[in-house]
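Undergrad: Just so you know, we're using numbering that gives the first Met the number 0 here: the sequence shown kicks off at 0 and counts up by one.
Everything hinted at is true.
Straight line, CA to CA, 16 Å or less: simulated EDC-like cross-link-like pairs of lysine to aspartate or glutamate:
hint, residue 1, residue 2
1, Lys203, Glu235
2, Lys40, Glu14
3, Lys44, Glu114
4, Lys203, Glu266
5, Lys42, Glu91
6, Lys42, Glu114
7, Lys270, Glu235
Just so you know, the hints here were simulated from the structure itself, not pulled from any lab data.
Here the structure is a predicted model, which is why all the values come from computation and not from measurement.
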Amino acid sequence: MGDFAGVRIATYRPEDEARVAEAVEMLFCGSDGGAIDIDLKDKLKPAAGQFYRATHCQVHLPENDLVGNYENLRGASCEIQICSMMAHVWNEIEHDIGYKPEGEGPSDAERGLLEALGHLTRAGDAAITRLLAANIARMAVQTGDFADVHDFVARMRPYFPDADLSVNAGLAFDEALALDLVSIDKIRARLGDDALSPAIAAPKIQAFNAYLDEQGLSDLALNPASADLFTIAMLEADVDAIVANHAGGRGKGRPPRIFYLARAYKEFAGKQPATDQVV
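Could you build the full structure based on these sequences and the hints that come with them?
TA: Written as structure tokens, this is what we have:
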């Protein structure tokens, strides 16, 4: 049986492919229920007109997803290709012109232009990587209030260099605005330098997540490799204000996730020994 479907995911940079592959690994499984098959294809052979690059993941739905209407997908596989946007351009054009040629195949002129495009896409990948790095460096030294969530992530990144702050950044940024934590200076003044320390935040997240698991609330678990590293500091310092800011039952619809997080954190903090009180 062939693939049930094929998917291509395009990233800004080649360096981001591994992160996407890790996310795919968490969501899917292999044909035997184990790890998925990951194949990094990098066919850089300019003399032969080869510039194809992508990470191929062969995936199946895990057992707990094969229920109801999805039971008929048992045994069905999907190939997920992950590549940069520049690589996607070359891969698509080369596939249409070179892989499925009409007549006797591409002419010398077509092959020459495909090779030129291949070099341009490789150079483009490098340029985009450098451009994004330069943008991060510029934004990291900005002062004053955060302009938006992207500015927030860029300026927080030096304090959490190993985390992917783009994950759950919206929740952290929105709550920071609600608490008037609108700049690095205000964060330091209100929460102290500990709020910007991943070494301090990580064990706090671990303890809170253990409590959530005990309470059957694991769906609320914080991600210790994301902007949740800062969210935990806000919960610790201003949980009452967060609950008040998002209280339900006021005709505003279902409260956001931060409300349930804050309510659970308040209960968690209240059960800590006096010497370990976090609020």
